[in-house]
Each structure stands twice: as structure tokens, then as C-alpha cells.
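*Asks:* Listed here are the chains, written in short residue letters.
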Amino acid sequence: MKFVKFLLIGIFFGIVLVKSEAVSWFRIYEMFRFQSFHMYGIIGTAIASGILFLQISKKGYIKSIKGANIFVPKKEKGLIRYIIGGIIFGFGWALIGTCPGPMYILLGAGVWSMLIVIAAAILGTFIYGILKDKLPH
Amino acid sequence: MHYLLNPWPWYVSGPLIALVMALLLYFGKTFGMSSNLRTMCSIAGAGKFIDFFKFNWKDQIWNLTVVLGSLIGGYIAVKFLSNDSVTNLNPTTVTELQIMGFKNPGITLVPNEIFALDALASPKALMLLVVGGLLVGFGTRYAGGCTSGHAILGLSSLQKPSLIAVIGFFIGGLIMANFIFPLIF
Chain D
22 MKFVKFLLIG
32 IFFGIVLVKS
42 EAVSWFRIYE
52 MFRFQSFHMY
62 GIIGTAIASG
72 ILFLQISKKG
82 YIKSIKGANI
92 FVPKKEKGLI
102 RYIIGGIIFG
112 FGWALIGTCP
122 GPMYILLGAG
132 VWSMLIVIAA
142 AILGTFIYGI
152 LKDKLPH
Chain W
14 MHYLLNPWPW
24 YVSGPLIALV
34 MALLLYFGKT
44 FGMSSNLRTM
54 CSIAGAGKFI
64 DFFKFNWKDQ
74 IWNLTVVLGS
84 LIGGYIAVKF
94 LSNDSVTNLN
104 PTTVTELQIM
114 GFKNPGITLV
124 PNEIFALDAL
134 ASPKALMLLV
144 VGGLLVGFGT
154 RYAGGCTSGH
164 AILGLSSLQK
174 PSLIAVIGFF
184 IGGLIMANFI
194 FPLIF
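Residue numbers (this note's numbering), protein chains in the order written: chain D, 22 to 158; chain W, 14 to 198.
These aren't lab readings, by the way, just hints derived from the structure by calculation. All values derive from a computational prediction rather than experimental measurement. There could be a bad hint or two in this list.
In silico SDA-like links for lysine to any residue, alpha-carbon gap of 20 angstroms or less [unchecked claim]: (1) W:Lys42 <-> D:Leu29; (2) D:Lys98 <-> D:Lys87; (3) D:Lys87 <-> W:Gln73.
Derived list of chain W stretches under chain D, where covered just means 3 residues or more per stretch with a C-beta under 8 angstroms from a C-beta of chain D [stated by the list, open to error]: (4) 25 to 34; (5) 73 to 79; (6) 84 to 96; (7) 138 to 146; (8) 180 to 189.
Glycine is no exception: its CB is placed at the ideal position from the N, C-alpha and C atoms.
Given only the sequences and the hints, what does the whole structure look like? Please build it.
*Replies:* Here it is in C-alpha cells:
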């Protein structure tokens with residue numbers, strides 16, 4: 022039963038990403054061609070709302086369900102992994118127009134080819150795991 | 014009903030995505046979809062050979078549940094919450110894509126030329142799916158997050174590593190869409 026809330030959050034997330042057209046391959050292409058404000062508007066207002074939420078919670082006005090402070094894990098310091106990894110991710114994102122959330126949402130929306138993309142993405146993650154210690158971070 | 018069935022404007026969608034992030038934080042979790050790829054490697058037994066996948070994946074069941082939910086959400090949105098409206102793309106984008114051989118930009122969520130099942134017969138489409146998936150899966154783990162973990166949660170919490178990663182996402186995406194794409198199509 023404790024997972025029901027996460028199932029509901031996921032359902033909500035899937036609906037929002039379809040209705041916002043953020044899962045549209047064409048919207049991602051359009052974004053990277055600077056031909057529309059739509060995606061920038063979505064990402065921008067999401068971040069602005071997120072900042073607002075986290076600033077309010079920082080002041081202690083919002084607590085977690087257990088009454089603790091809202092906790093955001095800190096990313097490790099670094100440069101190379103973020104820029105190189107980011108660029109590689111960006112190549113893939115623009116090529117297939119989906120990032121790791123929308124691949125599942127599109128599968129649910131009936132795009133069966135996403136099974137191939139998801140399998141390849143799992144393999145890509147596996148390859149990173151193999152090479153991790155040899156890569157600069 | 015009209016407002017629900019039409020595509021939602023960006024100024025409604027963005028805050029709703031932040032709400033997803035806020036709800037997960039409220040329940041003591043975090044917003045990061047790409048972690049699930051690592052979890053799936055672990056479930057498949059990759060931890061036996063590689064330490065990176067050696068962790069208690071049962072702690073991640075909540076996140077896999079979010080994945081399952083998002084899949085159901087995608088189904089519900091297309092099946093029950095959509096009308097026949099098309100994606101309102103920039104006419105320049107549409108023309109551009111048509112010249113590259115995409116027949117109906119914006120009619121579907123993804124181009125049939127790459128994603129339709131009969132397109133899989135073409136080695137090119139199949140290769141794009143595999144290469145794209147590999148790049149996303151490898152890149153996201155190397156960068157330690159994706160659009161949700163870095164662009165939304167990372168930037169909302171004003172973290173510098175996430176800013177660097179998002180700049181990387183855009184450098185890669187811009188190069189792909191503007192310079193590599195015209196060579197492929």
C-alpha cells in the first residue's frame with residue numbers, strides 16, 4: 022500500500038508530460054532549433070516553481086511527511102563528467118527526442134519501439150558501469 | 014473539458030512538473046528518472062560483476078513504481094484525455110522536417126519514419142533507436158542525472174554541477190539537431 026502514492030505520482034507525471042507535449046519528438050527538435058518558446062517555457066516555469074518551493078521549505082514553512090526538513094541530495098563536485106556526460110546525453114536526447122522519463126511514458130502511449138530504446142539505454146548504463154573507473158570524472 | 018483535452022500551455026505544465034518534484038521530496042524521496050536504468054541493471058544481476066550495480070535495489074522499488082505509473086499515465090493521457098488536436102509547431106519547423114523526409118510533423122507524438130513498427134524494417138531507423146538509447150543511457154549515468162534530476166531538481170536547488178550538466182545537455186542537443194541531423198536525413 023505504501024507504494025500507491027508513488028504510482029499515483031507517476032500517473033500524474035505521465036499525464037502532464039503527454040499533455041504538455043514534452044514527450045513530443047517534434048517539440049524537442051523545435052527546441053534545439055530555437056524555433057519555439059514552448060519547451061523553454063515549460064522547463065523555465067518548472068525551475069522557477071521548484072526554486073520557490075525549495076526556498077519556502079528552506080525557511081521551514083514546508084516539512085516532509087515525517088516532519089523533517091525537505092532534503093535534496095547534493096551532487097558531487099566535478100566538471101568533466103558533467104560536461105562530457107551531458108554532451109553525450111544531449112546527443113541522444115536530440116536524436117531520439119526522449120529522455121529517461123518520456124521513454125516509459127511513450128511506451129505507455131503505444132509507441133512500442135520505445136522497448137528498443139529502453140533496452141539500449143539500459144545497455145548504455147551498463148557500459149558506463151563497466152568503464153566507470155577508466156573514465157575521467 | 015475543452016481545456017483538459019487540448020494540449021496544455023507551458024505555463025500550466027511547468028509548475029505541474031515542479032509539483033511532481035515537490036511531492037516526491039515531501040515523501041522523502043528525490044526526482045530522478047534515470048536512476049531506474051541503473052536499478053534495472055542491478056535487478057538483472059549486473060552487481061555480480063560490477064560494483065557500480067551492487068546495491069540493494071529493493072530500496073528503489075518506489076522509483077520503479079513511479080516508472081510504472083508514468084507508463085499508465087501515458088496510456089491514460091492518449092486514450093482518455095486527448096482530442097484530435099495536432100502539436101502546434103512552428104511552420105518553419107514543419108517545412109524543414111518535411112524537406113528532410115518526415116511526412117506529418119506534429120500529427121503524432123513521434124515521427125512514424127523512426128518509431129512506427131514497420132519502420133523497424135529499415136536498418137537506419139533501427140540503428141537510430143539503438144544509438145540514441147545507448148547515448149542517453151551512457152550519458153545520463155556519466156553525468157549523474159538527466160532532465161529530471163539535473164535540469165529540474167538540480168537547478169531548482171541551485172546546484173552548480175547540475176548547471177554544468179544542463180549546459181552539456183544543450184551543447185550536445187544543439188550540435189545534434191543543427192549539424193549532425195542534416196547529415197543523417
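*Asks:* Just to make sure I understand the rule, a stretch counts as covered if three or more of its residues have a C-beta closer than 8 angstroms to a C-beta of the chain. Does the segment 180 to 189 of chain W meet that for chain D?
*Replies:* holds (count 10)
*Asks:* Counting residues of the segment 138 to 146 of chain W with a beta carbon closer than 8 angstroms to any beta carbon of chain D, are there 3 or more?
*Replies:* Contact hint for the segment 138 to 146 of chain W vs chain D: holds, 7 residues under 8 angstroms.
*Asks:* Does the structure keep Lys87 (chain D) and Gln73 (chain W) at a Cα separation of 20 angstroms or less?
*Replies:* 19 angstroms, holds
*Asks:* Is the hinted pair Lys42 (chain W) and Leu29 (chain D) satisfied, with a Cα-Cα distance of at most 20 angstroms?
*Replies:* The hint holds at about 14 angstroms.
*Asks:* Would you check the hint for Lys98 (chain D) and Lys87 (chain D), treating anything up to 20 angstroms between C-alpha atoms as holding?
*Replies:* 29 angstroms, violated
*Asks:* Count the residues of the segment 25 to 34 of chain W with a beta-carbon closer than 8 angstroms to any beta-carbon of chain D: does the count reach three?
*Replies:* Contact hint for the segment 25 to 34 of chain W vs chain D: holds, 10 residues under 8 angstroms.
*Asks:* Please count how many residues of the segment 73 to 79 of chain W have a CB within 8 angstroms of a CB from chain D and say whether that reaches 3.
*Replies:* holds (count 5)
*Asks:* Are three or more residues of the segment 84 to 96 of chain W within 8 angstroms, CB to CB, of chain D?
*Replies:* It holds, with 10 qualifying residues against the three required.
The structure shown violates just one earlier hint, number 2.
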